[in-house]
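Visitor: The chain contents come next:
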Amino acid sequence: MLSHFLLMVLYALLVSVFFALLWRRGRREQVKLFLQIFLGMVGGGLLVAWLMYPFPSGPPAPIP
Amino acid sequence: MAESGSSSAPPSPALPTGNAAVAVLSAWLIPGMGHIYLKRRLRGLAFLALIVVAILIGCKLEGNLYTPVPGQPLTYLATLGSMGMGFPYFLLRYGLHYQGDIRGAGYEYGTAFLLTAGLMNWLLVLDAWDIVRGKKE
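Sequence lines, in order, name chains A and G.
One point on numbering: in our numbering, the residue at position 13 of the first sequence is 13, and numbering is uninterrupted.
One point on numbering: in our numbering, the residue at position 126 of the second sequence is 126, and numbering is uninterrupted.
Next comes chain A alone, as it looks inside the complex:
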């Protein structure tokens, strides 16, 4: 139903909206902080995933 990526985007969306509303007052400032946090989280997640890709953690899990 929900992919890892979609869940990560959803989580980043909730957190970035929350902090934009909490830490900034003006609409322009809020949008700016929202974009910084959201893109930082999603981009950072993708970067870490890309870096981890060549390093599998162990043998593949058995398929049930």
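Do not take every clue at face value.
Stated by the list, open to error - Computed cross-link-like contacts, DSBU-like style, restricted to lysine-lysine with a CA-CA straight-line distance of at most 30 Å:
1. G/Lys135 <-> A/Lys32
2. G/Lys135 <-> G/Lys39
3. G/Lys136 <-> G/Lys39
4. A/Lys32 <-> G/Lys136
Stated by the list, open to error - Some, not all, of what chain G presents toward chain A, calculated at C-beta under 8 Å:
5. Arg41
6. Leu56
7. Ile57
8. Cys59
9. Pro73
10. Tyr109
11. Ala112
12. Phe113
13. Met120
14. Asp127
No lab work stands behind these hints: they were computed from the structure.
Beta carbons are placed, not taken as given, at the ideal position from N, Cα and C, and that holds for glycine.
Since the structure of chain A is already known, use the hints to place chain G on it.
Guide: Just chain G now, kept in the frame of chain A:
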């Protein structure tokens, strides 16, 4: 005397409105309620919606709602963090007997959503405290 003093004083940017204890307690019990009590209705409703959505997603994914586990000190911290969501924590734990399911595909994600909901509400409690003391708008 008092009139001449007050006329030269600059207008206060943020007027604390309300009782600090009520603001903090209501902010903890119901997410966003502290801001609503302090006349920040739109922001309070937005915070309420965000935290409720995080809780619903966490429950839908069958994440863990932390409880203390003897011998595992980090579970005490995580429980404290989760309890930050206030009334919903106790409703889930004792009213609905919510457990979460470690076999669920979304267990880890759900746990992150539930813990984050609690931590976000702790930040709202601190924000309400700052507002009521006039340190923040």
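Visitor: Take the hints in turn and mark each one as holding or not.
Guide: Here's how the hints hold up against the structure:
Pair hint G/Lys135 plus A/Lys32 holds up; C-alpha atoms about 24 Å apart against a cutoff of 30 Å. Taking the CA atoms of G/Lys135 and G/Lys39, the gap is about 16 Å. The hint holds against a cut of 30 Å. With a CA separation close to 13 Å, the supplied pair G/Lys136 and G/Lys39 stays within the 30 Å bound. Under the criterion of a C-alpha separation no larger than 30 Å, the hint pairing A/Lys32 with G/Lys136 is consistent with the structure, at around 20 Å.
The beta carbon of G/Arg41 is not positioned within 8 Å of any beta carbon in chain A (closest approach about 13 Å), and the interface hint is therefore violated. Because the beta carbon of G/Leu56 sits about 11 Å from the nearest beta carbon in chain A, more than 8 Å, this interface hint is broken. Checking G/Ile57 against chain A by beta carbon gives a least distance of about 7 Å; that is within 8 Å, so the hint holds. At a threshold of 8 Å, the smallest CB-CB gap from G/Cys59 to chain A is about 14 Å, leaving the interface hint violated.
Interface restraint check: G/Pro73 against chain A, minimum CB-CB distance 26 Å, threshold 8 Å, status violated. With a cut of 8 Å, the hint placing G/Tyr109 at the interface with chain A holds, because the nearest CB-to-CB distance is about 5 Å. Using the Cβ-Cβ criterion of 8 Å, the hint placing G/Ala112 at the interface with chain A is satisfied: the shortest such distance is roughly 7 Å. The interface hint given for G/Phe113 holds, since its Cβ lies 7 Å from the closest Cβ of chain A, which is under the 8 Å cut-off.
Given the 8 Å rule on beta carbons, the hint for G/Met120 holds: about 5 Å separates it from the nearest Cβ of chain A. Hint status for G/Asp127: holds, given a least beta-carbon distance of 6 Å to chain A, under 8 Å.
Violated hints, listed in ascending order, are 5, 6, 8, 9; each of the other numbered hints is respected by the structure.
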